Structure formats: C-alpha cells, structure tokens
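**Student:** Residue strings, one per chain:
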Amino acid sequence: MFDAGIKLALTLSQIGVVMGVVLLTVAALTLLERKVLSWMQDRMGPMEVGPYGVLQPVADGLKLFFKEDIIPAGANRIMFSLAPILVLVPALIGFAVIPFGPDWTVEVLGVEFKPFVISDINVGVLYVLAFASIGAYGIILGGWSSNSKYSLLGGLRSAAQLISYELNVGLAIVGVLLLSGSLSLVTISEAQAGGFWHWYAFDPLPFPQFVAFVVFLIASVAETNRVPFDLPEAESELVAGFFTEYSGMRFAFFFLAEYANMILVSCMSTVLFFGGWHAPVPFLQAPGDFAWITGIFWFTVKVYGFLFLFFWLRATLPRLRYDQLMRFGWKVLLPIALGNVVVTSILAYIFPNS
Amino acid sequence: MTFKKWIKSLIFFEILMGMKETMKHFLNYRPITLEYPHVKKSLPDNYRGMLGLLRYDDGTEKCVGCDLCEAACPSRVIRVVSAEVPGEPTKRYAKDYDMDMTRCLFCGLCVQACPVDALGMSQEFEWAVYDKRHLQLNKQQLLAIGDRAFPEREKRLEFQHPNVAYFNVSFKDIPEKEC
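If you read the sequences in order, they're chains L and U. The first sequence maps to residues 1 to 354 in the working numbering. The second sequence maps to residues 1 to 179 in the working numbering.
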C-alpha cells in the first residue's frame with residue numbers, strides 16, 4: 001500500500017513535469033513559429049509585448065482566456081464541448097511513452113522508478129498511433145457539431161487526409177520495427193546507441209531507413225495538419241476549417257493540440273529514426289551517471305530541429321490542392337513505404353545480426 | 001533529360017531550392033517592417049492628407065464663399081453657405097462650411113479649384129474615430145486643422161505672381177498691380 005502510494009506520487013509528479021514542459025514548449029513554439037516565419041519572410045513578427053515580443057504567448061493566453069465562449073445556434077452542444085477535449089487529450093497523452101533520457105531504473109524508497117520515461121509499455125508505437133487516430137475524432141466532431149459548412153468541410157477533409165496518411169506513418173515505422181524487433185520506444189532508442197551511424201535513419205546495415213524517415217516526416221506533417229497539408233484549416237478556402245466556430249478557451253484547446261501534436265511527432269521521429277537521446281558522436285555524451293544531462297540536451301536539440309523543419313516548410317511551401325494531396329499519399333508515398341518494408345525485411349533476413 | 005528530371009523529383013529538388021531561399025532570408029535577417037506607431041514614415045511634400053481651411057496672417061479667413069470647391073468635389077463632401085460679411089456689402093464669406101470626411105476621397109480637386117488658396121491638404125492621416133459623426137467637420141474644426149497644419153501661411157507658388165495675388169491677401173493691404 002505504501003509502495004503503491006510512493007509509486008503513484010512519483011508517476012504523478014513525472015506526469016506533471018512532462019505536461020508542464022510540453023505546455024511551456026507549446027507556448028514557446030507559438031512565439032517561435034511566428035518569429036521564424038516572419039524572419040523568413042523579411043518581417044519582424046510580434047514586437048510589442050515585452051522586449052522583442054517575447055511575452056506574446058502570455059498576452060495571447062490571457063486574451064484567449066478572457067474571450068467570450070460562443071456556441072453557435074444549432075450546434076450540438078455536447079459534441080461541440082467534447083471535441084476540443086477529444087483533440088487535446090490524445091495529443092498530450094502520447095508523451096507517456098516517449099523516452100526523454102537513458103533507460104535507467106532508480107530505487108526511491110524501495111520502489112523501482114524510471115525517471116526519464118513515464119511508462120515503458122511494450123506497444124508504445126501502437127499506443128501513440130492509436131491516440132493520434134483518436135485525435136482525428138475530435139476534429140471530425142468539432143467540424144460536424146459546429147453547424148457550419150466550413151467546419152464540416154474541414155472536418156471531412158481532415159478525416160480523409162488522416163486515413164490516407166496514417167497508413168503511411170504506420171508503414172514507414174514498420175522498417176524500424178523490423179530492425180529493432182520491438183514496439184517499445186525505450187528499446188528502439190536504446191538500440192541506436194553509439195553515434196549517428198547507428199541511428200536507424202543512417203544505419204548502413206542492413207538497410208538505412210532514410211527513405212522511410214522521409215515518408216514518415218511527410219506523412220506526419222500531413223497528420224498534424226500543417227502546411228503544406230493544412231487542408232482541414234485552409235484559411236483561404238475554409239475560413240479556419242474545423243475550428244471556424246470556436247472561440248476562447250475551446251479554440252485555445254485546438255491550438256494547443258496542434259502544437260502538442262507537432263511536438264509529439266517530432267519526438268517520435270527523433271526516437272524512431274534519430275537515435276532518441278543519444279549523442280551524434282560518442283564523445284559528446286557525458287560518461288556514466290551524467291549521461292542523462294547530455295541525453296536530455298540532445299533529445300531537445302533534435303526535437304527542436306524537427307520543429308524548426310516544420311516552420312521552415314511552412315514558410316516555403318504553398319498549400320497542396322486536395323486531389324494532389326490524396327494522389328501523393330496513395331500513389332507515391334504508399335508504394336515507397338511498402339517497397340521500403342519489402343527491402344528492409346529481405347535485408348534484415350540476410351544480415352540478421354547487424 | 002527525363003532521367004535527370006526523375007532524379008530531381010525524387011530528391012525533392014524544387015522544394016529544397018525553395019527551402020534554401022527561405023533559409024537565405026532567415027540568415028540575412030533584414031526586415032522591411034516599419035514599426036508604425038513608434039516609427040513614422042516621412043511623407044512626401046505633396047501628400048494629400050486631411051483637409052483644412054486656411055487663414056491670412058492677420059487671422060481672417062481666406063475663404064470667400066465662392067462655392068467653387070463644392071462644385072469641384074466629385075463626392076459632394078463640401079457644403080458651403082455663402083453670405084455677405086456683415087457691414088461690408090462688397091465682401092462675402094462662408095457662413096457655414098461643412099465637410100463630410102466619410103465621403104472624401106482625398107483627390108485634392110477642391111484645393112486646385114480654390115481661387116484664393118483657402119483650402120490646404122495637411123499631412124495628417126491618423127483620423128480613425130469611434131463615431132462616424134466625428135468625421136463630419138464644421139467650419140471651426142476645419143479652421144483648427146488648417147491652423148495646426150500650416151502655422152506659416154506661405155503662399156503657394158502659383159499664387160505668388162502679382163497678377164493673381166489680388167485674391168490672395170488680406171483686403172487691408174492690396175499690393176500694387178504690375179502691368
């Protein structure tokens with residue numbers, strides 16, 4: 001009973017820390033995205049609140065908090081309230097299986113405790129994929145229950161897009177799963193120890209998963225509804241897509257969920273293809289008990305690198321047309337991902353122990 | 001050629017070129033933004049801003065109530081009610097001079113039409129108001145705009161010629177006319 005209490009307290013504090021860090025990162029990202037985007041477009045971005053606009057997320061949060069919460073006439077009130085929660089919770093819950101540091105087990109008051117991963121479940125990848133799909137329900141519900149044409153179109157687009165691109169995400173991951181022989185994200189990131197030539201994106205033997213990584217990246221951009229695949233919220237066509245009718249904190253939930261999804265996808269590609277918390281070359285990793293410091297550092301660097309890539313793509317690319325998006329997903333990415341699975345499995349059979 | 005194109009599409013060549021371009025702008029960060037309320041743009045001299053009524057140096061109004069501005073105005077902004085100057089039957093002035101600035105398109109035709117240079121376009125443009133009625137200006141407001149926009153009442157160049165200068169001065173000291 002005492003042990004269970006300790007365990008619960010430890011896990012809850014861990015969840016609190018991870019949630020806090022993620023939400024703070026979301027707040028930082030809203031500013032960072034606007035800054036990066038505006039710098040790439042020869043603008044300045046937010047400059048008014050605080051020095052160089054660094055307090056803009058605080059101002060945005062306060063503004064959203066005090067906004068009137070409007071439920072449009074004719075909207076399904078229950079579904080309308082449920083949708084933002086159904087989007088945000090799966091986006092945050094995925095972080096439970098992400099390893100942020102070394103796979104250590106420490107004993108706190110006689111209770112075994114893994115400090116750098118909330119829960120090392122053996123189907124971690126499937127767990128993340130499953131919850132990403134549940135997030136789509138929130139988007140579809142939000143689009144449908146708003147009683148607005150734009151929202152409905154956005155929701156429908158999101159549904160169709162998610163189905164076609166989630167398949168590619170899954171198939172791109174299969175190569176990594178074949179190589180590591182595990183669905184646990186902790187095992188996958190531990191298997192990539194010792195330099196960037198052991199990361200699955202570059203590991204020469206049996207087969208580098210770089211193609212799978214590119215497929216995964218494109219598909220995850222589509223899955224998080226980011227430019228150039230932001231058709232569910234296409235501003236120029238659908239006002240704001242599925243959250244046209246939302247305001248105040250409900251809108252903020254959608255906003256948070258979008259950024260949390262971005263962070264989650266970046267964490268996933270870091271863990272699956274870029275060695276998780278491992279340093280790119282072994283001498284950059286602190287020895288022994290201090291490995292967690294460099295571990296968290298390198299993990300953060302990689303995740304922010306991917307997030308920067310998201311912003312970079314957004315600044316560069318225009319939005320795809322809907323048929324182009326579907327054609328690209330089904331006719332280009334899917335065959336490539338399938339081919340990658342075939343080649344990887346054959347080569348993994350030929351070189352079993354590398 | 002087709003093989004080259006195929007390779008290019010395989011490695012997302014165009015997208016990479018585009019990303020190179022955006023990264024170039026990111027690294028050489030030279031914003032073209034003018035932070036407007038803090039930094040104000042210097043306006044050209046012939047900027048057509050808010051209209052104002054002008055006075056002579058001694059403080060009398062230039063306007064003689066001739067209605068030419070009203071006739072010139074394409075959007076019917078101006079309403080002039082002309083009247084005799086009390087006690088001076090030869091002189092006229094504008095008893096009422098109203099402008100509905102919500103309709104004004106700042107073409108400057110009234111300024112050109114004015115024979116006595118009584119109208120001027122200032123450099124003011126920050127005239128956003130919460131009530132539309134605040135933009136329906138009367139004579140006092142227009143004179144105030146003119147006073148603060150043109151503290152030195154220089155004659156326009158075309159009105160400095162002595163042949164036309166007759167209208168452009170106070171009635172008190174009429175200059176000698178050159179033949």
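Keep in mind that the hints are not guaranteed to be accurate.
What the hints assert, rightly or not - Derived lysine-lysine pairs resembling BS3-like cross-links, with alpha carbons at most 30 Å apart: (1) L:114 with L:7; (2) L:7 with L:63; (3) U:20 with U:4; (4) U:91 with L:331; (5) U:24 with L:35; (6) U:24 with U:139; (7) U:5 with U:20; (8) U:41 with U:132; (9) U:40 with U:91; (10) L:7 with L:67; (11) U:40 with U:24; (12) U:5 with U:24; (13) U:24 with U:8; (14) U:40 with L:63; (15) U:40 with U:8; (16) L:331 with U:139; (17) L:7 with L:35; (18) L:35 with U:91; (19) U:8 with U:20; (20) U:95 with L:63; (21) U:40 with U:20; (22) L:35 with U:20; (23) U:41 with U:95; (24) U:132 with L:331; (25) L:35 with L:63; (26) U:8 with L:67; (27) L:331 with U:40; (28) L:35 with U:40; (29) U:40 with U:95.
Since the hints were derived computationally from the structure, they do not count as laboratory data. From a predicted model like this one, the values you see are computed outputs, not experimental measurements.
**Student:** Regarding the pair residue 40 (chain U) and residue 91 (chain U), is the alpha-carbon distance no greater than 30 Å?
**Tutor:** Not satisfied, since the Cα-Cα distance of roughly 43 Å exceeds 30 Å.
**Student:** Would you mind confirming whether the straight-line C-alpha gap from residue 331 (chain L) to residue 40 (chain U) stays at or under 30 Å?
**Tutor:** violated (53 Å)
**Student:** Keeping to a limit of 30 Å between CA atoms, is the pair of residue 95 (chain U) and residue 63 (chain L) held or broken?
**Tutor:** Violated, because 50 Å separates the two Cα atoms, which is more than 30 Å.
**Student:** For the pair we were handed, residue 7 (chain L) and residue 63 (chain L), check the Cα-Cα distance against 30 Å.
**Tutor:** violated (38 Å)
**Student:** Taking 30 Å as the top limit, are the C-alpha atoms of residue 24 (chain U) and residue 139 (chain U) close enough?
**Tutor:** violated (56 Å)
**Student:** Run the distance test for residue 40 (chain U) versus residue 24 (chain U): straight-line Cα separation, threshold 30 Å.
**Tutor:** holds (29 Å)
**Student:** Check whether the Cα positions of residue 20 (chain U) and residue 4 (chain U) lie no farther apart than 30 Å.
**Tutor:** holds (20 Å)
**Student:** Quickly compare the C-alpha distance for residue 40 (chain U) and residue 8 (chain U) to 30 Å and report which way the hint goes.
**Tutor:** violated (47 Å)
**Student:** Run the distance test for residue 5 (chain U) versus residue 20 (chain U): straight-line Cα separation, threshold 30 Å.
**Tutor:** Satisfied, since the Cα-Cα distance of roughly 19 Å is no more than 30 Å.
**Student:** Under the criterion that the straight-line Cα-Cα distance not exceed 30 Å, is the pair residue 40 (chain U), residue 20 (chain U) satisfied?
**Tutor:** violated (34 Å)
**Student:** Run the distance test for residue 7 (chain L) versus residue 67 (chain L): straight-line Cα separation, threshold 30 Å.
**Tutor:** violated (40 Å)
**Student:** Keeping to a limit of 30 Å between CA atoms, is the pair of residue 35 (chain L) and residue 63 (chain L) held or broken?
**Tutor:** holds (19 Å)
The structure does not agree with the numbered hints 2, 4, 6, 9, 10, 15, 16, 17, 18, 20, 21, 23, 24, 26, 27 and 29 stated previously, though it agrees with the rest.
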